[in-house]
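Since the structure of chain A is already known, use the hints to place chain B on it.
Chains as they are written, first to last, in my numbering: chain A, 1 to 259; chain B, 1 to 259.
There may be inaccurate statements among the hints.
One copy or any two copies: either way a pair holds, since identical chains are not told apart in the list.
[Stated by the list, open to error] Pairs of lysine-lysine residues, derived as DSBU-like cross-links and limited to a Cα-Cα distance of at most 35 Å, are as follows:
#1 Lys2 / Lys187
#2 Lys81 / Lys21
#3 Lys2 / Lys21
#4 Lys199 / Lys21
#5 Lys8 / Lys207
#6 Lys152 / Lys207
#7 Lys130 / Lys191
#8 Lys199 / Lys8
#9 Lys43 / Lys2
#10 Lys8 / Lys81
Honestly, the hints are just simulated from the structure, not real lab data.
Number of protein chains: 2
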Amino acid sequence: MKIARFQKDRAVAHGVVQGSKIIEIRGSIYRRFRTTDYAHNLKDVQLLAPTEPVQIWQPGMNFAAHLAHAAAITGIHDLPKTPQPWVKGRNSLNHTGGDIVIPKDSGGDVHYEGEAVAVIGRECRRVTEKEAPDYILGYTCGNDVSERAWQKADNFMWRAKGSDTFCPVGPWIETEVDAGNLEMVVKLNGKEVQRACTKDMLFSFAKLVSYISQQATLYPGDLVFSGTTGATSRMKPGDTVEVAIDGIGVLQNPIVAEK
Amino acid sequence: MKIARFQKDRAVAHGVVQGSKIIEIRGSIYRRFRTTDYAHNLKDVQLLAPTEPVQIWQPGMNFAAHLAHAAAITGIHDLPKTPQPWVKGRNSLNHTGGDIVIPKDSGGDVHYEGEAVAVIGRECRRVTEKEAPDYILGYTCGNDVSERAWQKADNFMWRAKGSDTFCPVGPWIETEVDAGNLEMVVKLNGKEVQRACTKDMLFSFAKLVSYISQQATLYPGDLVFSGTTGATSRMKPGDTVEVAIDGIGVLQNPIVAEK
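Extracted from the complex, chain A is given alone in its bound form:
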C-alpha cells in the first residue's frame, strides 16, 4: 500500500495511492484508518513530505563503497564498528517537486545523496533488532543534500546537510517492500549517477532503529535514512535530480539558486 500526504486547495490530508488516483483516508496512518469516497487525480494534488517527523535520523557512514569518498570530507578512514547516528535539521524537510535551493552564500558545491528511508510507525524505546521491523510503517525515497565545503569547514553539519530544503523525502510511503533488497537509482537530468542496494548497508534499518532506540525515543513519522554509497557530484541551478526506488516510486526535485 502507498500512503501519501498531500495538499488540495488549502486542505492537507493523507491518502492511499491507487494508479493515477489518490483516495482520501480518515483516521491516523499510525493507528487505524479507512478509505473514504473522496478520490483525486494524483496530478491535481501537491504531494507533501509523507510525514511530519519529530526527528530525521541519519546513520553516519553505512556503505563500504562510500568510505573513500567520505574519508576525503570527514578525515575518517575506517569503517564504523557501530552505527554513528546524527540528527538532520527538521527545518530542511522538503517534498517531491519542491525546489532544492542553493544558498546564496554557498560556493555551490552542493551534492545529491540518494537514500532509502524507513518511516517509524509506532513510538519505540529499547527495541531489539528483531522487534524493530514491527515499529516501521514503511519506506520512502530520500535525498540527503550536502554542501561539501561547509561539511569540511564546520564542526557540525547543521548547514552542510541541514539548510532549508536540503531534505527531500517522498513521493509516499510504501508499506509492502523487502527493506533488505531495495534498489535505489539517482538520476541527474535523466542520467544515472548513483546506484545502491540496501542489502549492502553495513547496518540494516532494523539494526539502526534498534541502536538509536537504546538511548533515544523514536516517534511515529520519524525518518531513518539508509546512508549513501559511492561518490557523489555537484548539482547546479536548472538541474533536476531524481531518487527512484523499485517498488516505491520517484522523488524528483529541481535545483534553483537562492534569489
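Then chain B, alone, in the frame of chain A:
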C-alpha cells in the same frame, strides 16, 4: 512576565506566573493571548517544558573559559571564529522536576552544563543581528546534560547530549530580562559548582539567532542555548541539580539511574 506551560489533572495549558499563582491564558503565547479567571496554586500543577520546540539549537563552544575543559573532550584547541551550531535531539526534552536518567549502558560520567536559553517567538529566516531580538519571546534556564565518554567515543553527539531526559528546560519563560547580563548559577546538592554571565558569551543570542537563520528557519518555540562555561563535573543517582538565573527562576532536576 513569566509564561509557563503546565499540566493539571489531564489538561495541558499555558499560564502567567504571579507569585505563588499561575493564571491560565487563552490564545497563543506566540501571537495574542489574554488571561482568564482560572488560577491555580503553582504547587498544585506540574510545570512542563515551557514550549514544544521543533528544534533545540546549541551554539558549540561559546565561552572562552570553557575552552580548556572542552578541548580535552573535543580535541579542538582554538576559539571558534563563528558560531558552530548543532541540533540537540528533540527526544531529550525534559522539564523542571523531571528525572535526569543515567542510561544503564553509560559508564556514568554524566555532567551538568548550566545555560541560559533563548525562546524563539516568531518564525525567522535571514534576520540580521539587529533584528534578531524582535524574534525572541524570552529566556529560560537549560541544562545541556552530557555523557562525556560517549562525547569522546562517538562521531556525533546524538546520545552524548541527546539521550532521553538530557535536555531539561524551564521553569518558565521570562519575557523581561537583559539577555546580555544574565547571571547563571548551577548548584549540585545545594553547593555552587558553576557560575557564568551571558555578557561573556563569545556570540550573543542575537548573533546566534541571526547566524543560524542565514541557512535554517527558526520556528516559534525553538530553543537556542547559550553554551556553557568553565569545567563541569559528574552527577550521580540521588543527586539534585539546579540551574538558577537571576530574574528568571530555578530549574531543578533529580538524577536517577535507569531501571
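Here is what the structure says about each hint:
{"no.": "1", "hint": "Lys2 / Lys187", "verdict": "within (22 Å within a copy, 53 Å between copies)"}
{"no.": "2", "hint": "Lys81 / Lys21", "verdict": "neither (45 Å within a copy, 53 Å between copies)"}
{"no.": "3", "hint": "Lys2 / Lys21", "verdict": "within (11 Å within a copy, 51 Å between copies)"}
{"no.": "4", "hint": "Lys199 / Lys21", "verdict": "within (32 Å within a copy, 59 Å between copies)"}
{"no.": "5", "hint": "Lys8 / Lys207", "verdict": "neither (37 Å within a copy, 39 Å between copies)"}
{"no.": "6", "hint": "Lys152 / Lys207", "verdict": "both (28 Å within a copy, 23 Å between copies)"}
{"no.": "7", "hint": "Lys130 / Lys191", "verdict": "neither (38 Å within a copy, 46 Å between copies)"}
{"no.": "8", "hint": "Lys199 / Lys8", "verdict": "neither (37 Å within a copy, 50 Å between copies)"}
{"no.": "9", "hint": "Lys43 / Lys2", "verdict": "within (16 Å within a copy, 49 Å between copies)"}
{"no.": "10", "hint": "Lys8 / Lys81", "verdict": "neither (46 Å within a copy, 46 Å between copies)"}
The structure fails hints 2, 5, 7, 8 and 10 (numbered hints given earlier, in ascending order).
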